[in-house]
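Q: In case you want the letters, here they are:
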Amino acid sequence: VQLVQSGAEVKKPGEPLRISCQASGYSFTNYWIAWVRQMPGKGLEWMGVIYPGDSDTRYIPPFQGQVTISVDKSINTAYVQWSSLKASDTAMYYCVRRYNSAIYGNYFDYWGQGTLVTVSS
Amino acid sequence: QSVLTQPPSVSGAPGQRVTISCTGSSSNIGAGYDVHWYQQLPGTAPRLLIYGNSNRPSGVPDRFSGSKSGTSASLSITGLQAEDEGDYYCQSFDNTLSDSGLLFGGGTKLTVL
Chain A
70 VQLVQSGAEV KKPGEPLRIS CQASGYSFTN YWIAWVRQMP GKGLEWMGVI YPGDSDTRYI
130 PPFQGQVTIS VDKSINTAYV QWSSLKASDT AMYYCVRRYN SAIYGNYFDY WGQGTLVTVS
190 S
Chain B
-3 QSVLTQPPSV SGAPGQRVTI SCTGSSSNIG AGYDVHWYQQ LPGTAPRLLI YGNSNRPSGV
57 PDRFSGSKSG TSASLSITGL QAEDEGDYYC QSFDNTLSDS GLLFGGGTKL TVL
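So the protein lines, in turn, are chains A and B. In our numbering, each residue carries its 1-based index in the first sequence increased by 69. Just so it is clear: in the second sequence, position 68 is 64 by our numbering, and no numbers are missing.
Simulated from the structure, these hints should not be mistaken for laboratory data. For every residue, glycine included, the Cβ atom is placed at its ideal position computed from N, Cα and C. It is possible that part of the hints are untrue.
What the hints assert, rightly or not - Computed footprint of chain B on chain A, listed as stretches where at least three residues anywhere in the stretch have a Cβ under 8 Å from a Cβ of chain B:
| id | stretch |
| --- | --- |
| 1 | 106 to 120 |
| 2 | 141 to 155 |
Stated by the list, open to error - Listed below are the simulated BS3-like cross-link pairs for lysine-lysine, each with C-alpha atoms no more than 30 Å apart in a straight line:
| id | chain 1 | residue 1 | chain 2 | residue 2 |
| --- | --- | --- | --- | --- |
| 3 | A | K142 | A | K80 |
| 4 | A | K111 | A | K81 |
| 5 | A | K111 | A | K80 |
| 6 | A | K155 | A | K81 |
| 7 | B | K105 | A | K155 |
| 8 | A | K111 | B | K105 |
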């Protein structure tokens, strides 16, 4: 299993951005993919999750309306996008496979390498 | 402020044993939901360290162990090594949170003296 994310981005406030996460080594449509934010020097916050099989998407309230999560099943790739970046969006973003265990609940078993997004004027 | 509370930092000398706690409540750990742990070494992505309270994925040394009791869980590291230095996060489910309910603890920085 591998999750390979797109490279670092440097953007100005107000600019749009889409970062990607390409999955391989498993059946992409059968597992939820989540996005996790880590602001500089801070902890992990998960933003939302998408099920590639039917594009069912759930957002954590602080991120609802702030980002859009999507997938392209034809190329096993998940995305998160911003229509208008803010300086406070500066962070490392990880895509993560969410494993749904009937016994142990939900946890994140494979992580991408991260995409650093820097928003500065 | 996270619903799962971890100590901001712990430390230990090489070879020693350290324990990191993760304290929740009756709506998450105390409700019977499992706890999972992640390790983030400096400059790297987090990785799954413990799942289902006490299970290690393949490749994780048996120096790492997890347990759960009541509204808390713990991660123990025995035979501490310099390469263990990094941040550790617990994760569980909370039935009062909207959509999915998964949440992380605030993280604990482990320093190997």
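Q: Given the hint that A/K155 pairs with A/K81, test it: the Cα-Cα distance must not exceed 30 Å.
A: It holds: about 8 Å lies between the C-alpha atoms, which stays within 30 Å.
Q: Holds or violated: A/K142 and A/K80, Cα atoms, limit 30 Å.
A: Cα-Cα ~27 Å, so holds.
Q: When I compare C-beta atoms, does the stretch 106 to 120 of chain A have three or more residues closer than 8 Å to chain B?
A: Result for this restraint: holds, n = 5.
Q: So if I understand the rule, the pair passes when the alpha-carbon distance is 30 Å or less; does B/K105 with A/K155 pass?
A: Holds - the C-alpha atoms of A/K155 and B/K105 are around 29 Å apart, at most 30 Å.
Q: Would the hint linking A/K111 and A/K80 be met if the CA-CA limit is 30 Å?
A: 21 Å, holds
Q: Measure nothing beyond the straight line between the CA atoms of A/K111 and B/K105; if it is 30 Å or shorter, mark the hint as holding.
A: Within the cut-off at roughly 11 Å; holds.
Q: Do three or more residues from the stretch 141 to 155 of chain A put their C-beta atoms closer than 8 Å to C-beta atoms of chain B?
A: violated (count 0)
Q: Would the pair A/K111 and A/K81 pass a check requiring their Cα atoms to be no farther apart than 30 Å?
A: The given pair, whose Cα atoms are some 22 Å apart, holds under the 30 Å limit.
Hint compliance for this structure: hint 2 alone is broken.
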